[in-house]
Amino acid sequence: MRYVLVCFLLLATLLPAAGTKSKSAKLPDVELTAFKAVRDQDRILIDGGATVHRKEPIPGLRIKIDLLAPGKNLISERRVTLTKELLEPGDDVPFSLACRSQAGAVNIRVHFYSARRNPLTLANPGPYPIE
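Sequential numbering of the sequence shown, starting at 1, is according to this note's numbering.
If you are wondering where the hints come from, they were derived from the structure by calculation, not from laboratory data. Do not rely on the hints blindly, as some may be mistaken.
[Stated by the list, open to error] As a list, the in silico DSBU-like pairs of lysine-lysine whose alpha-carbon atoms are at most 30 Å apart:
#  : residue 1 : residue 2
1  : LYS64     : LYS26
2  : LYS84     : LYS64
3  : LYS36     : LYS55
4  : LYS64     : LYS36
5  : LYS26     : LYS84
6  : LYS26     : LYS55
7  : LYS84     : LYS55
8  : LYS36     : LYS26
9  : LYS72     : LYS36
10 : LYS36     : LYS84
11 : LYS26     : LYS72
Start from the sequences, fold in the hints, and give me the full structure.
Here is the structure:
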C-alpha cells in the first residue's frame, strides 16, 4: 500500500513538469535573405534583401554596414536609410549599396535599425566575405 502511495505522489509531482511547454525560439525582427559584397576597383558593391518578421510594424528601415579586418576588427562603418515606409510582417526589402573600399577590409557585418534608430534583432548578421 505504501509503495502505491509513494508511486502516486511521485507521479503527481512529475506530471505538472511534463505538461509545461518549453519556450519556443523567438523569431528575429529582420532576416537577411540574400547578401553579396563584391570589390570593384575603389568601391565595394553590396546587394541583398531582408524580410521583416517583427509582429509590430517597423517605421522605416536603416542598415549599418561594418567593414572588418581579418581579425574581425572594425575598420569603417556606413549607415544608410533603406526605406522610410511603414513595414509590416512578411515585407521584403531589397537593397543595393556602394561604399568606398577600405584597405584591409575582408568581411562585412550587418545591423538593422528602425527609422527611429531603435536596434532590431537580426537572424544572420555575418560576417560575410567581400569577394
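Hints and how they fare:
1. LYS64 - LYS26: Distance ~23 Å between LYS64 and LYS26 Cα, so the pair holds.
2. LYS84 - LYS64: With a Cα-Cα distance of about 15 Å, the restraint between LYS84 and LYS64 holds, given a limit of 30 Å.
3. LYS36 - LYS55: holds, 27 Å
4. LYS64 - LYS36: holds, 15 Å
5. LYS26 - LYS84: holds, 26 Å
6. LYS26 - LYS55: holds, 11 Å
7. LYS84 - LYS55: holds, 18 Å
8. LYS36 - LYS26: With a Cα-Cα distance of about 26 Å, the restraint between LYS36 and LYS26 holds, given a limit of 30 Å.
9. LYS72 - LYS36: holds, 18 Å
10. LYS36 - LYS84: Within the cut-off at roughly 23 Å; holds.
11. LYS26 - LYS72: With Cα atoms ~27 Å apart, LYS26 and LYS72 stay inside 30 Å; holds.
Hint compliance for this structure: every hint is met.
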